[in-house]
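Peer 1: The residues making up each chain are set out below.
4 protein chains.
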Amino acid sequence: MQPEDSAELRALYQGFKDNHLNPLWTQLGDLMPVHPRPKAVAHVWKWSTLYPLAKQSGDLVPVGRGGERRAIGLANPGLGGEAYVSPTLWCAIQYLGPRETAPEHRHAQNAFRFVVEGEGVWTVVNGDPVRMSRGDFLLTPGWCFHGHHNDTDNPMAWIDGLDIPFSFQNDVGFFEFGADRVTDYATPRYSRGERLWCHPGLRPLSQLQDTVASPIGAYRWEFTDAALTQQLLLEDEGQPATVEQGHAAVRYINPTTGGDVMPTIRAEFHRLREGTETPTRREVGSTVFQVFEGRGAVTMNGETTTLDTGDIFVIPSWVPWSLQAETQFDLFRFSDAPIMERLNFHRTLIESAE
Amino acid sequence: MQPEDSAELRALYQGFKDNHLNPLWTQLGDLMPVHPRPKAVAHVWKWSTLYPLAKQSGDLVPVGRGGERRAIGLANPGLGGEAYVSPTLWCAIQYLGPRETAPEHRHAQNAFRFVVEGEGVWTVVNGDPVRMSRGDFLLTPGWCFHGHHNDTDNPMAWIDGLDIPFSFQNDVGFFEFGADRVTDYATPRYSRGERLWCHPGLRPLSQLQDTVASPIGAYRWEFTDAALTQQLLLEDEGQPATVEQGHAAVRYINPTTGGDVMPTIRAEFHRLREGTETPTRREVGSTVFQVFEGRGAVTMNGETTTLDTGDIFVIPSWVPWSLQAETQFDLFRFSDAPIMERLNFHRTLIESAE
Amino acid sequence: MQPEDSAELRALYQGFKDNHLNPLWTQLGDLMPVHPRPKAVAHVWKWSTLYPLAKQSGDLVPVGRGGERRAIGLANPGLGGEAYVSPTLWCAIQYLGPRETAPEHRHAQNAFRFVVEGEGVWTVVNGDPVRMSRGDFLLTPGWCFHGHHNDTDNPMAWIDGLDIPFSFQNDVGFFEFGADRVTDYATPRYSRGERLWCHPGLRPLSQLQDTVASPIGAYRWEFTDAALTQQLLLEDEGQPATVEQGHAAVRYINPTTGGDVMPTIRAEFHRLREGTETPTRREVGSTVFQVFEGRGAVTMNGETTTLDTGDIFVIPSWVPWSLQAETQFDLFRFSDAPIMERLNFHRTLIESAE
Amino acid sequence: MQPEDSAELRALYQGFKDNHLNPLWTQLGDLMPVHPRPKAVAHVWKWSTLYPLAKQSGDLVPVGRGGERRAIGLANPGLGGEAYVSPTLWCAIQYLGPRETAPEHRHAQNAFRFVVEGEGVWTVVNGDPVRMSRGDFLLTPGWCFHGHHNDTDNPMAWIDGLDIPFSFQNDVGFFEFGADRVTDYATPRYSRGERLWCHPGLRPLSQLQDTVASPIGAYRWEFTDAALTQQLLLEDEGQPATVEQGHAAVRYINPTTGGDVMPTIRAEFHRLREGTETPTRREVGSTVFQVFEGRGAVTMNGETTTLDTGDIFVIPSWVPWSLQAETQFDLFRFSDAPIMERLNFHRTLIESAE
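Chains as they are written, first to last, in our numbering: chain A, 22 to 375; chain B, 22 to 375; chain C, 22 to 375; chain D, 22 to 375.
Incorrect hints may appear among the rest.
Said to hold, decoys possible - In silico PhoX-like pairs for lysine-lysine, Cα to Cα no more than 25 Å straight-line:
#, chain 1, residue 1, chain 2, residue 2
1, A, Lys60, B, Lys38
2, A, Lys67, B, Lys38
3, B, Lys38, A, Lys76
4, A, Lys60, B, Lys60
5, A, Lys38, B, Lys60
6, D, Lys60, C, Lys60
7, B, Lys67, A, Lys38
8, D, Lys76, C, Lys38
To be clear, the hints were calculated from the coordinates, so they are not data collected in a lab.
Model, not experiment: these values are computed from the prediction.
So here's chain A without its partners, still in its complex pose (with noise of 0.2 Å):
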């Protein structure tokens, strides 16, 4: 339902331009969608093509200050080349040579690292020098200082995950050079922060203020691989501990509020049991999951990719989604649903059980 086309009215249109003005109704449909039509699309990543670009990057780019980091973002083909995973979300694979040191720094950004596999790398987060390990989830919030070294006479890489893309698009960021070597090169197996904080059920009497952020640096694979496996046995013994079904998962926390790790991210480990296959669900935001550990297949739009470890996809917003699990099927998942929920535009709709 558009005005007539006259001189007049395109005068008008033109008079809109010239002052910087432009009406909504030529363009409410696009605008104010009935649900929401990201432009990013669901997409599949393997891990078998990632890692020996990863590996050549690291042969031909150095790393250090400046580039600051040998990290490789996931383009989503929907969102015209920039590294963007999402309108909301960064993830990137990134890098380390045998005794490379990643120079510190810190930005307003929020990030984590999580591990699919290799070890030999620590990453200093304020001055604390966290153990990099198979299945680690390791976090870096807003504003810490972190830089990374390998201790090691191998190669290591793994996935980051940031806030980039709502940080640029919605003008947040700070960013500061911190030292060109890392504080502290000890390689201790427990950071300070874990010694502090990870006795379940119990918080230090000298750190009674809440945080914005989790003050555990790293979430070893230990604890969440008995977490998920306790599950499915309660689940066995007809107890409710799983979410659905064969379905166990666990949300990584802020010990200081039982609440999401950072302000923009939530981080989830979820382990199928074999021949499991989840409802499919939509969900307002984007997520993006890594396979650590089994053989599986996920659906996005009705179309289903097989994946394997190391395999990252990213689920737009509103896209339906299900998982099948061949064998058991690990799968570690980030996602900005702490925006959604914050802001008040979280919604979810299960579809259906397949």
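With chain A's structure known, arrange chains B, C and D on it following the hints.
Peer 2: Just chains B, C and D now, kept in the frame of chain A:
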């Protein structure tokens, strides 16, 4: 500090492109600047330009189902012609001719209206008719049905504020058509929401559940004006009441929580005494002001523009700004501050007293 | 089921006594009853008795430093003569003769006043003079300095409510003397707190820090009356506004949070239409009502008492109660509900509609 | 400053009595002291006295329906023989003979157990059997069914902590009998609650609703000990980890909120290095300590008592206290601090370092 060009490097970069990847080291400084470097620019729209264009639209553009609203969005010159006053906010002038009706619909986006002049329109929000008069601030929180109708023989214009750009960018929007005519053409002086809620310090016992958005549909000018008047009188008596010397201000709040009226939008009203100049501030997030009454000027990024009734200006993230009041100077303000605060990205820097 | 008596048992019990011990099994049913069995009893004090005794006190008892207040506490007949209206609450009639001053002091205990009749006294709270008039509800949160003075040639009486029994029992009280005369004998119509805060839906920008107790010193009768009137009008129009049919009510709130005015005391005002009877309720915690206007009755524990203006009654924990309105019936109410809710002991049972 | 005695005054006072009134001016100083003046006194109960009396009770007093528990309450010498360790708290030694069962019941009162020595009993909380072993802290939040059974041929004793006096005084208690035998005689090493919740920094995705009390049924000694050990090691490394030099401490928390385990009771564990003396503190509210291991002393109100394993002492409100450690000194602590904090009555004064 970029790697040296080579055939291998070019092959690597091509591999990135082919596989929907994009390295961080070629773009870090742009993606993660030292402080926010918004594409949006500081800009002033003159009411003397806006209103005539809106009036012309009234002659040429029908209002009704499909286009929904005769609203003309302010398009920030830095944002490529999109009708975004900032990356997060939408601001439009809306115009409704004599006896016209803008049909009902609802959307996840949060909306408000502010009336700089005129009267005679009622906005019907979830079936509750709300009078729109000069100086009133009116709410349409996300997912409330709403339509407008002009009960008089004169046109009326006002400004709309919404979180459309934020919602569009982050894929959170839902939209639903409602009735073609408004559901209630009554023209009561006070809406039911006001009658229930606008008694200072009193909460209806039937309404003890806190709400995400304010249940008050209209914040009347008479109350805003009285609050500002009292602050300046208290300042005269030597009492702490104003934000800073000569600068009275109120924030519109949700009475169930004492916090912002909607999850994404903050709204305030500011009054400067004649001759007052505010210190220069920088804030994370974007802000829009409309002059309600009086004459003065705004300085943004060191450039000063004089202002009259109805003029609207936008201050993008981290742009330094200050106000100067030639006469007593009344301004309505809205911003995306709740987003910044809830996600912990807020920062303010008071640079200097001018 | 008690152990059989024996010399050994008696020796054991003596051993308990000698060592400051006391076995659970001899007293369980009393200590941990099936439901609350308060020592406090339901009781009504008639204003026609209270006021003359207060007046006599005005003749015989000076007011000043040491005794501090000419306040006569209602002593629940079940509580051994202590001036406790319930185990948690204090309620007194206070009387101030012409031109008298009650000196300033402060205490950790939270206090309020409610004026059933009269005028002419100002209470000065942290230096802010607050007029006391008929129907007003006035706050003195914990640790605020306060004194009262009568600016007229007539005496005035009102009721005080405090958490003295709770504070005494739990050893939380602190007390400090202030000035012997009030610090400001001005008699403004509105206190500074009201001038800053009593604008519906508006928060001074200079007051963004939430406060433990309400910053409003006086909740004026004109607003309370208007709110109740509107609720009944809305009910007439078929709108959801009242608590139950014919029963309008408001809660006095802290505008910084939307919650109760003080951490230990809830205050409300109730209006029943002529002929209304409320359902019979039981609630954990104790409640006090004072009739403000109209005639009616209260039924507590099945016993009905007729009520006139000024009459005060207490409903101990879990005592069944209902109200009947002979005329339009206005009642002020206060209770310890915030204690019960904050400590998760609240429970309500609506037994039946009468 | 009391009125002069006269016939009229005596008549007035008689009028008060006859009408259930009690004037403030005759009792102000007692009711509203300058600082808390608790009737409860500082007191130490020796384990060497408690345990033999409990053992004798095991011989003479049956456990079963009606008496419910073989629990001997510590009766503060200042509280007239009532089994109240303080005005808010109950502390008892409970004793269960070989193969005995304490039947199931539930009550609004919040309860916990702490095990200073022994093992072999399981407490069954809402059907979940929870092992009780040395050093464990075990929860029975309000309104959870619970019973205990001894699976061994040896007796076992432990301490119970509840909010019985507070609940009794404020008339908030409800009580319901359950099964005469516990509902599950299984003796698993870890309860279902622990298996779901005791993974540091991880929350089951099936348990996203926050709970009023902690879902953890048992806080195991192995974790408490490890947390304290790490704090002292971190202190050795010059890191901020302890409350004060030589004083490690943890608070038991509800993992859904990071706050106290139950709405009325705080629980902590403290470890002092050999030779450490704490500063003298005064706090609003009452606290109970039990020595878990080591030798030392407590000074309360200037009086010092030496302490051994199992000894229990109570510190009433505002009583100055400090601890001295002769050896490494481990103490369990519980208090009513959540009451004081939620009602805004908390205050702490650190008087001096000794």
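Peer 1: It remains to establish, for every hint, whether it holds in the given structure.
Peer 2: Here's how the hints hold up against the structure:
no.	hint	result
1	A:Lys60 x B:Lys38	holds, 18 Å
2	A:Lys67 x B:Lys38	holds, 14 Å
3	B:Lys38 x A:Lys76	holds, 16 Å
4	A:Lys60 x B:Lys60	holds, 20 Å
5	A:Lys38 x B:Lys60	holds, 18 Å
6	D:Lys60 x C:Lys60	holds, 20 Å
7	B:Lys67 x A:Lys38	holds, 14 Å
8	D:Lys76 x C:Lys38	holds, 16 Å
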